[in-house]
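Asks: Residues per chain are reported as follows:
Protein chains: 2
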Amino acid sequence: MLTNNKIKLIKSLDKKRERIEAGCFVVEGEKMVRELLMSRFETTEVFAVQQYIDELPANLKLKAEITAIGERDLERISFLKTPNKAVALAKLPEIRPLPDLSGLNIALDNVQDPGNLGTIIRTAAWFGIGNVFCSPDTADVYNPKVIQSTMGAIFKVNVCYCNLAELAATARKAGIPMFGTRLDGENLYAAKLPKDAIVVMGNESKGLSAEISVLMDSNLKIPSYAPPSADMESLNVAVATAIVCAEFRRQNS
Amino acid sequence: MLTNNKIKLIKSLDKKRERIEAGCFVVEGEKMVRELLMSRFETTEVFAVQQYIDELPANLKLKAEITAIGERDLERISFLKTPNKAVALAKLPEIRPLPDLSGLNIALDNVQDPGNLGTIIRTAAWFGIGNVFCSPDTADVYNPKVIQSTMGAIFKVNVCYCNLAELAATARKAGIPMFGTRLDGENLYAAKLPKDAIVVMGNESKGLSAEISVLMDSNLKIPSYAPPSADMESLNVAVATAIVCAEFRRQNS
Chain Y
40 MLTNNKIKLI KSLDKKRERI EAGCFVVEGE KMVRELLMSR FETTEVFAVQ
90 QYIDELPANL KLKAEITAIG ERDLERISFL KTPNKAVALA KLPEIRPLPD
140 LSGLNIALDN VQDPGNLGTI IRTAAWFGIG NVFCSPDTAD VYNPKVIQST
190 MGAIFKVNVC YCNLAELAAT ARKAGIPMFG TRLDGENLYA AKLPKDAIVV
240 MGNESKGLSA EISVLMDSNL KIPSYAPPSA DMESLNVAVA TAIVCAEFRR
290 QNS
Chain V
40 MLTNNKIKLI KSLDKKRERI EAGCFVVEGE KMVRELLMSR FETTEVFAVQ
90 QYIDELPANL KLKAEITAIG ERDLERISFL KTPNKAVALA KLPEIRPLPD
140 LSGLNIALDN VQDPGNLGTI IRTAAWFGIG NVFCSPDTAD VYNPKVIQST
190 MGAIFKVNVC YCNLAELAAT ARKAGIPMFG TRLDGENLYA AKLPKDAIVV
240 MGNESKGLSA EISVLMDSNL KIPSYAPPSA DMESLNVAVA TAIVCAEFRR
290 QNS
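As they're listed, the protein sequences go chains Y and V. Per our numbering, the very first residue in the first sequence carries number 40; after that it's consecutive. Per our numbering, the very first residue in the second sequence carries number 40; after that it's consecutive.
Same shape as in the complex, but just chain Y (with noise of 0.2 Å):
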C-alpha cells in the first residue's frame, strides 16, 4: 500500500545513506520497470496505474506486490520531470564474491558524474561486457538518476562495487591483463589488444589515481588528431571507454 510513510521512504531513495539503511532503491518508468521485473534483481513492490498493471504479463505480475494507484500519487512518488506509468521498489543486491574475469570487463575509479556511470553501463550493455567493477568513491549506480540514465542496461550488466587493488590481485591470479588509459600510452591502433581484459579508467579531471596506475599492466593512448597547442585537449571518460572497448571488440571479433 502507498502509505505516507512509504511515500517518505521512496523520496528518500535519492540518497545514498538512505538507500543502503532501507537496502532498497527506486526504478521508474514504464520500460524499465518491465526489465526490472525480468531481471535478476528482486523487486519488492511495484506502484502503478491501473492500465499498466492490466497489460503487465501475468509471470511478471507474481514477481512483486502489485498496487494500483492514481496519477497524482505517481506524482508524489516520482523522480522524473514527467511521471510515467509505474515506479518500483527493488532489493540492493548482497555484495557477491568476484565474479569471473573472462572476456572484457571495465573497471572505473572514482568517477564521478552519475550521468557518465550510466552512459558507460548503457555502453558496456551494447558490446555485451559482463562486468563493470567501480571503486568504492566511483558515484553510486543506484541513484535514481544513474539508473534512468542506464536506460535498462544496469539489468543487463553486472555492476559489481569492489577495491581495485584486490580486483588487480584477483586479475594477476587469473592472468587477465589490466588497461590503464594515459596520454603517455601505447597507441590504441598499434596494440594488440587481448580477448580478456579489465579497461580501467578514471576520475573525470585526475585520471587514474597513483594507487591504481602502478597496477596496470599496460597502457592505452587514443591518439589524437587536434592540431598541436598549448592547451591539452581531453576526451569525455565515458566517450572514452566507448573508443577503448570498441577496438577491443573490433580487434577480437
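Keep in mind that a hint or two might mislead.
Chain copies aren't distinguished; within one or between two, either way the pair holds.
List of simulated lysine-lysine pairs, DSSO-like, C-alpha gap at most 30 Å [as the list claims (entries may be wrong)]:
no.: 1; residue 1: Lys245; residue 2: Lys234
no.: 2; residue 1: Lys124; residue 2: Lys234
no.: 3; residue 1: Lys234; residue 2: Lys102
no.: 4; residue 1: Lys231; residue 2: Lys120
no.: 5; residue 1: Lys260; residue 2: Lys120
no.: 6; residue 1: Lys130; residue 2: Lys120
no.: 7; residue 1: Lys70; residue 2: Lys245
no.: 8; residue 1: Lys54; residue 2: Lys234
no.: 9; residue 1: Lys54; residue 2: Lys260
no.: 10; residue 1: Lys124; residue 2: Lys245
no.: 11; residue 1: Lys70; residue 2: Lys260
Worth flagging that the hints you see were computed from the coordinates, not collected in a lab.
Once you have looked at the hints, place chain V on chain Y.
Replies: Here is chain V on its own, set in the frame of chain Y:
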C-alpha cells in the same frame, strides 16, 4: 562597468531569444575566458577578479574591455555553482556561407541534450574535425551550459547552424559523401571509410529524421556484442559519434 542592467543582461543570456537579441553569449572561468581571448571569437567585455587580470598576458588584455570586480559581484553574474575568477561576454558569430567540406565533418540532426552537444564538440576537437553542422532544431551551442561542457573545444571547432538538406546538396556537388548511422546499416568495421566525409547523427530518441535520412550516401552500423534479447540496446549519441569518428580516423591515418 558592471551596472545593474548589465547584471540583468548577463543573467538573461541562458535564453536563446535573449542571446540573439543581445548578439552575445557568456563564457566563464579562468581557463575558458583565456581561451576565448585567444580564439577567433570577438570578446566584448570581461569581468574578473583583480588577480586574474594581473596574471593575463598583455596581448590578451588588449582584446576586450576588462573590469575588475569583487567575489560578490562575480557570484551575481555567474552560472556556475562555484564561480571561477572571470566571466566574459562574446559576440555571437555572424552566419557565414558553408565552409570547405574536405576532411572529416560531423552533422547533427535535432540533437537535443546540451550535454551531448558539448561532449560531441569536445570529441570533434580531439579528432581534429573542422566543422560540426547543426540543424536549426539542435540544442544551441551558445547556451552557457553547453559552452562550459565543451571545456574550451568550442574555440577550436567551427560550429555552424544550417539547413542539413542544403548542406547535403553542397556536399553532393563537392563530391563529399554523407554517412548516416542506422541499426540496419553496413558494419562500421567492414566498410571502407573515405578521408573526406560528413558523419550525420540523429536525435537521441528518434534518430535521423526521414527528410535527412533519404539524403545519406551510405549508412553505418556500430556492431553490438550484446546477447540477443527482446530489448533493443542503444548507445548514447555522443558515444556513437565518437566511435564512428575514431574509426574514420583509424582507417585514414
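Asks: Does each hint hold? Answer for all of them.
Replies: Quick rundown of the hints versus the structure:
1. For the identical chains of this complex, Lys245 and Lys234 are intra-copy neighbours only, at 28 Å inside a copy versus 34 Å across copies, given an alpha-carbon limit of 30 Å.
2. Taking identical chains as interchangeable, the C-alpha atoms of Lys124 and Lys234 are never at most 30 Å apart, the minima being 42 Å within one chain and 48 Å between chains.
3. For the identical chains of this complex, Lys234 and Lys102 are neighbours neither inside a copy (37 Å) nor across copies (53 Å), given an alpha-carbon limit of 30 Å.
4. With identical chains, the CA atoms of Lys231 and Lys120 are never at most 30 Å apart, being 46 Å at best within one copy and 44 Å at best between copies.
5. Within a single copy, Lys260 and Lys120 get their C-alpha atoms no closer than 39 Å, and across copies no closer than 32 Å, so neither meets the 30 Å cut-off.
6. Proximity of Lys130 to Lys120 under the C-alpha cut-off of 30 Å is restricted to the intra-copy arrangement: shortest distance 24 Å within a copy versus 34 Å between copies.
7. Taking the shortest Cα distances, Lys70 and Lys245 sit within 30 Å of each other only across copies (17 Å), while inside one copy they are farther apart (36 Å).
8. Taking the shortest Cα distances, Lys54 and Lys234 never come within 30 Å of each other, neither inside one copy (38 Å) nor across copies (49 Å).
9. Taking the shortest alpha-carbon separations for Lys54 and Lys260, neither the intra-copy value of 36 Å nor the inter-copy value of 39 Å comes in at or below 30 Å.
10. In this assembly of identical chains, the alpha carbons of Lys124 and Lys245 lie at most 30 Å apart only when taken from different copies (21 Å versus 40 Å within one copy).
11. For the homomeric pair Lys70 and Lys260, the shortest alpha-carbon distance between copies (24 Å) is at most 30 Å, but the shortest distance inside one copy (38 Å) is not.
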